[in-house]
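Engineer: Below are the chains, spelled out letter by letter.
There are 2 protein chains.
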Amino acid sequence: MTPIPIDDPGDPRLDAYTRMRERDLVGREGRFIAEGEVVLRVLLSGRARFRVESVLLSPERLPGLAPALAGLDAPVYLASRAVMGAVAGFPIHRGVLALGLRGAEPSPDALVPPGPALLVGLVGLANHDNVGGIFRNAAAFGADAVLLDAETCDPLYRKAIRVSAGTSLTVPFARLPTGDALLDLCTRQALTPLALSPRGEAITTLPPLPRALLLLGTEGPGLPEALMARARRVAIPMAPGVDSLNVAVAGAVALHRLGGGRLAEA
Amino acid sequence: MTPIPIDDPGDPRLDAYTRMRERDLVGREGRFIAEGEVVLRVLLSGRARFRVESVLLSPERLPGLAPALAGLDAPVYLASRAVMGAVAGFPIHRGVLALGLRGAEPSPDALVPPGPALLVGLVGLANHDNVGGIFRNAAAFGADAVLLDAETCDPLYRKAIRVSAGTSLTVPFARLPTGDALLDLCTRQALTPLALSPRGEAITTLPPLPRALLLLGTEGPGLPEALMARARRVAIPMAPGVDSLNVAVAGAVALHRLGGGRLAEA
Chain A
167 MTPIPIDDPG DPRLDAYTRM RERDLVGREG RFIAEGEVVL RVLLSGRARF
217 RVESVLLSPE RLPGLAPALA GLDAPVYLAS RAVMGAVAGF PIHRGVLALG
267 LRGAEPSPDA LVPPGPALLV GLVGLANHDN VGGIFRNAAA FGADAVLLDA
317 ETCDPLYRKA IRVSAGTSLT VPFARLPTGD ALLDLCTRQA LTPLALSPRG
367 EAITTLPPLP RALLLLGTEG PGLPEALMAR ARRVAIPMAP GVDSLNVAVA
417 GAVALHRLGG GRLAEA
Chain B
167 MTPIPIDDPG DPRLDAYTRM RERDLVGREG RFIAEGEVVL RVLLSGRARF
217 RVESVLLSPE RLPGLAPALA GLDAPVYLAS RAVMGAVAGF PIHRGVLALG
267 LRGAEPSPDA LVPPGPALLV GLVGLANHDN VGGIFRNAAA FGADAVLLDA
317 ETCDPLYRKA IRVSAGTSLT VPFARLPTGD ALLDLCTRQA LTPLALSPRG
367 EAITTLPPLP RALLLLGTEG PGLPEALMAR ARRVAIPMAP GVDSLNVAVA
417 GAVALHRLGG GRLAEA
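Going down the list, the sequences are from chains A and B. Just so we're aligned, residue 167 is where the first sequence starts under my numbering, counting upward by one. Just so we're aligned, residue 167 is where the second sequence starts under my numbering, counting upward by one.
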């Protein structure tokens, strides 16, 4: 790894880092931006599912990161924070960016393990904080994969990766067109679909489910009734008069309950 | 309730709403700002602990909110969104603001119930999203109160109230100077202080604790070791290689475990 200094914000080798916010919205043709040290370290670790195309650091960040970069087979560009800001279009205070390659997305069915399985299915989740938080919780509680419907936002969006603490780079995910397609996959794969509902059976007394998929929907309207009807409804006991938790928090409590047995054995 | 139209952003009756962001930072002499319909409805409900000084609405919000405002003993000002924005210093898209009165803060010891008790203690939590999230979770899982050290940020800061979904207006809270003072209160009140730590005993097999206080610290450094040493350490089982959850999420899982028995009986 020989770092390559760059002084010119117009250098074509930095093209993919330009106008970062605008391109966050339109996509990057098979690439994604990773920012910050925590996320870069995950991307460089053996746990990440994605290849690195390049790294862009301010020079003072190099010494601390050099050991993690040692085995990297991709260019490491060095540019001052002023040049980084001019390229990105806004200040890059942390001085740590990288480009990852999305690669081919796995097929949803390929992500369902034989034997014990715990998956998360997201339907219509358009908030990057929530999606990032759900990946972090899925990683913590040992979920095998996250499946997303077409309306759910991109787990490789810059902010979603950051909020996930880099776990959207490690937890496998794949897309299905609709929530119904998620339920069809459950049937095909003999997974019990679970939906959180105040009127469901208490999750505290649920028998162990060796193969389950936890469905999570948007915070306001929740899951469509037609999907709920196809799922087993479970409730997180809450104080009277309180009717909701943040969706990532509710998912964490449910995954803790569903994954607990497996984790205690690990 | 007779609404009072105001056309002049300089009207002295709106003084307390001016320069909202700057004054978020310096405090408001015994007042706080509530924004948005969800929060206003909580503030107007019998559940809120605080009196309303005034309400400021854009006229088109009045019909929907009139029933909730019917019994209010405080002025309701009506101003266009343009006037509201000129007063606040930034656009008030939702058109819903109110001023609440903090009143006298209760003494921490007065918030500890006799008999079964579940409290949350926050040490050095400077992030308003996390503090708001923790209040929401404390409400959901039936915690009796939240105690804060001097470094923890204000639960009545505008954004903290919003993230709490209004529960920082309903869950009682009080301040102590330090984390040590929190532990002294636990001793005085016969509360078991609990601290989350990967090396603690599993929270999944913890015996029921009739009187407990869950300590939560900042996400990075966590609780100071000197405080940890005075607490009973409990661990949330997690997948190998994953060492942390967001602090509000970890608190939610712990409160779910600690409060679950009480809630199932309710």
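Just so you know, the hints here were simulated from the structure itself, not pulled from any lab data. Careful: at least some of the hints might be erroneous.
[To be verified] Just some of the chain A residues that point at chain B, by a computed CB distance under 7 Å:
(1) ILE170
(2) PRO171
(3) LEU411
(4) LEU429
Cβ coordinates follow ideal geometry from the N, Cα and C atoms, glycine included.
Engineer: So, for every hint listed, does it hold in this structure?
Structural biologist: Now the hints, each set against the structure:
no. : hint   : result
1   : ILE170 : violated, 32 Å
2   : PRO171 : violated, 32 Å
3   : LEU411 : holds, 5 Å
4   : LEU429 : holds, 4 Å
Hint compliance for this structure: hints 1, 2 are broken, all remaining hints hold.
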